[in-house]
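> Chain E: place on chain D using the hints.
Top line first, the protein sequences correspond to chains D and E. Going letter by letter, the first sequence gives residues 14 to 310 in this note's numbering. Going letter by letter, the second sequence gives residues 61 to 340 in this note's numbering.
No wet-lab data here; the hints were simulated from the structure. Hints should not be assumed to be uniformly reliable.
Stated by the list, open to error - The calculated DSSO-like cross-link candidates involving lysine-lysine, where the alpha carbons are at most 30 Å apart (straight line), are:
| hint | chain 1 | residue 1 | chain 2 | residue 2 |
| --- | --- | --- | --- | --- |
| 1 | E | K246 | D | K149 |
| 2 | E | K126 | E | K104 |
| 3 | D | K172 | D | K149 |
| 4 | D | K276 | D | K74 |
| 5 | D | K222 | D | K85 |
| 6 | E | K246 | D | K222 |
| 7 | D | K222 | D | K34 |
| 8 | D | K286 | D | K172 |
| 9 | D | K286 | D | K85 |
| 10 | D | K286 | D | K222 |
| 11 | D | K149 | D | K85 |
| 12 | D | K276 | D | K222 |
| 13 | E | K246 | D | K74 |
| 14 | E | K239 | D | K107 |
| 15 | E | K208 | E | K192 |
| 16 | E | K192 | E | K239 |
| 17 | D | K286 | D | K74 |
| 18 | D | K222 | D | K247 |
| 19 | D | K107 | D | K149 |
| 20 | E | K239 | D | K172 |
| 21 | D | K74 | D | K172 |
| 22 | D | K85 | E | K246 |
| 23 | D | K34 | D | K74 |
| 24 | E | K239 | D | K74 |
| 25 | D | K85 | D | K74 |
| 26 | D | K222 | D | K74 |
| 27 | D | K247 | D | K172 |
| 28 | D | K286 | D | K34 |
| 29 | D | K85 | E | K239 |
| 30 | E | K239 | D | K149 |
| 31 | D | K286 | D | K276 |
| 32 | E | K239 | D | K34 |
| 33 | D | K172 | E | K246 |
| 34 | D | K107 | E | K246 |
| 35 | D | K172 | D | K222 |
| 36 | D | K107 | D | K172 |
Here the structure is a predicted model, which means the values were calculated and not measured.
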Amino acid sequence: MSNRFISIEGIARRFPSAQGKGVTIFEDLWLTVGRGEFVCVIGHSGCGKSTVLNVLSGLDKPDEGVVLIDEKEITGPGLDRAVIFQSHALLPWKTALGNVAYAVSSRWPDLSRSEVNERAMRAIQLVGLGHAADRKPAELSGGMKQRVGIARALSIDPKILLMDEPFSALDALTRGTLQDEVRRICRSTGQTVFMITHDVDEAMYLADKIVLMTNGPQAMIAEIVQNPLPVDRKREDVHRHDAFYPLRNHLIDFLVTRSGTFKNDVPANFDRKRPPVVVPGAPTSVIPFPREQLASA
Amino acid sequence: MPQASLSLRAFVVSAFIFVVFVLVWHMATRGAGTGIAMDPEYAKLMGTTATQGKSAMPGPLDVGAKLIEHLAHPFYDRGPNDKGLGIQLAFSMARVAAGYGLAVLFAIPLGFLIGMSPLMSRALDPFIQVMKPVSPLAWMPLALYTIKDSSLSAIFVIFICSLWPMLVNTAFGVMSVRKEWLNVAKTLEVGAWRRAWTVILPAAAPTIFTGMRISIGIAWLVIVAAEMLVGGTGIGYFVWNEWNNLSITNVIIAILTIGVVGMLLDQLLARAARAVTFPE
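Chain D extracted, bound-state conformation (with noise of 0.2 Å):
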């Protein structure tokens, strides 16, 4: 049960274009996410990754197929997910702990001003920012804006983390940061979280599974890659990991010319249904991929 916590079935979107025939940006796309599981998509813009985590999140809804969250179709946004943004989409006129007790007192709106404030405050505190609750995002550097994000995200207790290339508007230094924090924080409370990017070492750091998409219009999900580096990696070795490069790789080969061909050299056994799962590194790149072997992933 656990592996389908997150199923996406069959799903298929497609805008209006100028010539007045639909551009379908992706269809037929399935995936499942297990509870707990840290999964990331990349592919390049305009991949339709960010529409997928749309659909998720329930801001947009799929023209084909459904999408079902602990056994439910998700009919539109809820509170069981929560959405960081990758432009942090804080509110300017509330303080950082205003933020995030907006989203508290939506969660919970029995709570009482005190309890909401009380809760916010905890989440503040949890990506270091106690310090700073009373400043308004204007007087916050980005980074900790995004911290606030990633606080009001978190606040809410969600079932499921959405990401949407929250980091990608940072230096560096701040995104290491960042995922150090998120990292530490989705693995000591056994968050399931989807993330989009396109940084590849972001991947590889915080994800378990790393789904490839391919180009749009009509990408589609070309295999997922088990993260074969240790699950108490630090930053600071990861890099001397046997698996390191041969993941690293393989991720970029994917990025820099997979991706496009992809489409046009697809396998003759492949299944969008169950895409296949690779492990760079292992002795066996790509191991078939039975049903049973997805659950006991």
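Showing chain E alone in chain D's frame:
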């Protein structure tokens, strides 16, 4: 010598311009002294304008003296044609407050509706486009005919002229609320009412206040004209009445007063707008 602050230098220049203006005014309206020779009895009848060539235009000293007189007794009431400046201003401001207040109550909810509903936005657009450019005074006869009360008609005219800038700005402010803020509310399952109060209103408030500021300016412009038409009370009526009395001094004082009050009203709303503006 260290450079004085910009505001101090600006003040000095302002004061200089004011002094020059008053001096030129004084010189221009001073009696020229070259009267026409005439019978003294006849000269008494003719007054100084004819006998000493003095300008009919009051000088700054006349206006100053009269102004002090008005400021000393702003609220006297000696019948319908002789009321203190303060009373007249209070009448005008009460009319503006009533008409403007009604317009706020009407325009902001309607602006929200237009801003949030693309259907209503399209459907109401032709009416707004046609009504907006109409001079508010053109409504006066219609108002007098239907309302049958001159004072209420003036309030109606203020209402109509304040309405459009607020309506258009509210709708625009609501329409241009950032999508990501609305998405935040959506993902938090915030209901429509709470969303309107907690996201759309604060996000659109600066634009709404811009509209309110434009409206109060127009309302204060229009009240003078409206009161000239309806008569009875108010600063506009005061101007017209003093013109009929040929008291140019009082007309000048009224112009000054209208300007100062208009400025204060504008500053008031500018302050309010600053209070709701958020830095990004």
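> Each of the hints needs a verdict: does it hold here or not?
Tested hints:
1. Taking the CA atoms of K246/E and K149/D, the gap is about 22 Å. The hint holds against a cut of 30 Å.
2. Of the supplied pair hints, the one linking K126/E and K104/E holds, its CA atoms being roughly 24 Å apart against a limit of 30 Å.
3. Restraint check for K172/D and K149/D: satisfied, since their Cα atoms lie roughly 28 Å apart, inside the 30 Å limit.
4. Taking the CA atoms of K276/D and K74/D, the gap is about 25 Å. The hint holds against a cut of 30 Å.
5. Annotation: proposed proximity of K222/D to K85/D holds, straight-line Cα distance about 23 Å (limit 30 Å).
6. Pair hint K246/E plus K222/D holds up; C-alpha atoms about 29 Å apart against a cutoff of 30 Å.
7. Taking the CA atoms of K222/D and K34/D, the gap is near 35 Å; set against the 30 Å cutoff, the hint is violated.
8. For the hint pairing K286/D with K172/D, the CA-to-CA distance comes to about 24 Å; that is within 30 Å, so the pair holds.
9. Restraint check for K286/D and K85/D: satisfied, since their Cα atoms lie roughly 19 Å apart, inside the 30 Å limit.
10. For the proposed pair K286/D and K222/D, the alpha carbon gap of about 16 Å is at most 30 Å, so the pair holds.
11. In summary, the hint linking K149/D to K85/D is not supported, as the alpha carbons are separated by about 38 Å, beyond the 30 Å threshold.
12. Of the supplied pair hints, the one linking K276/D and K222/D holds, its CA atoms being roughly 22 Å apart against a limit of 30 Å.
13. Taking the CA atoms of K246/E and K74/D, the gap is near 14 Å; set against the 30 Å cutoff, the hint holds.
14. For the given pair, K239/E sits about 17 Å from K107/D by alpha-carbon distance, which is consistent with the 30 Å threshold.
15. Between K208/E and K192/E the CA atoms are separated by roughly 24 Å; this keeps the pair inside 30 Å, and the hint holds.
16. At most 30 Å may separate the alpha-carbon atoms for a hinted pair to count; K192/E and K239/E meet this at roughly 29 Å.
17. For the proposed pair K286/D and K74/D, the alpha carbon gap of about 20 Å is at most 30 Å, so the pair holds.
18. As the CA atoms of K222/D and K247/D are separated by approximately 17 Å, the hinted pair is consistent with the 30 Å bound.
19. Between K107/D and K149/D the CA atoms are separated by roughly 6 Å; this keeps the pair inside 30 Å, and the hint holds.
20. Of the supplied pair hints, the one linking K239/E and K172/D holds, its CA atoms being roughly 24 Å apart against a limit of 30 Å.
21. Of the pairs offered as hints, the one joining K74/D and K172/D holds, with about 20 Å between alpha carbons and a cut-off of 30 Å not exceeded.
22. This hinted pair checks out: K85/D and K246/E have alpha carbons roughly 19 Å apart, not beyond 30 Å.
23. Only pairs whose Cα atoms come within 30 Å are accepted, and K34/D paired with K74/D is accepted, the gap being roughly 19 Å.
24. For the hint linking K239/E to K74/D, the alpha-carbon distance of about 17 Å falls within 30 Å, and the restraint holds.
25. At most 30 Å may separate the alpha-carbon atoms for a hinted pair to count; K85/D and K74/D meet this at roughly 15 Å.
26. Of the pairs offered as hints, the one joining K222/D and K74/D holds, with about 25 Å between alpha carbons and a cut-off of 30 Å not exceeded.
27. This hinted pair checks out: K247/D and K172/D have alpha carbons roughly 26 Å apart, not beyond 30 Å.
28. Using a Cα cut-off of 30 Å, the hinted pair K286/D and K34/D holds, with the two alpha carbons roughly 27 Å apart.
29. With a C-alpha separation of about 27 Å, the suggested pair K85/D and K239/E falls inside the 30 Å cut-off, and the hint holds.
30. Note on K239/E and K149/D: the hinted pairing holds, with a Cα-Cα distance of about 20 Å set against a maximum of 30 Å.
31. This hinted pair checks out: K286/D and K276/D have alpha carbons roughly 16 Å apart, not beyond 30 Å.
32. A C-alpha spacing of about 27 Å is found between K239/E and K34/D, which places the hinted pair at or below 30 Å, so the restraint holds.
33. A C-alpha spacing of about 17 Å is found between K172/D and K246/E, which places the hinted pair at or below 30 Å, so the restraint holds.
34. Pair hint K107/D plus K246/E holds up; C-alpha atoms about 17 Å apart against a cutoff of 30 Å.
35. Using a Cα cut-off of 30 Å, the hinted pair K172/D and K222/D holds, with the two alpha carbons roughly 18 Å apart.
36. Between K107/D and K172/D, the direct Cα distance comes to roughly 26 Å. Compliance with the 30 Å bound is thereby established for this hinted pair.
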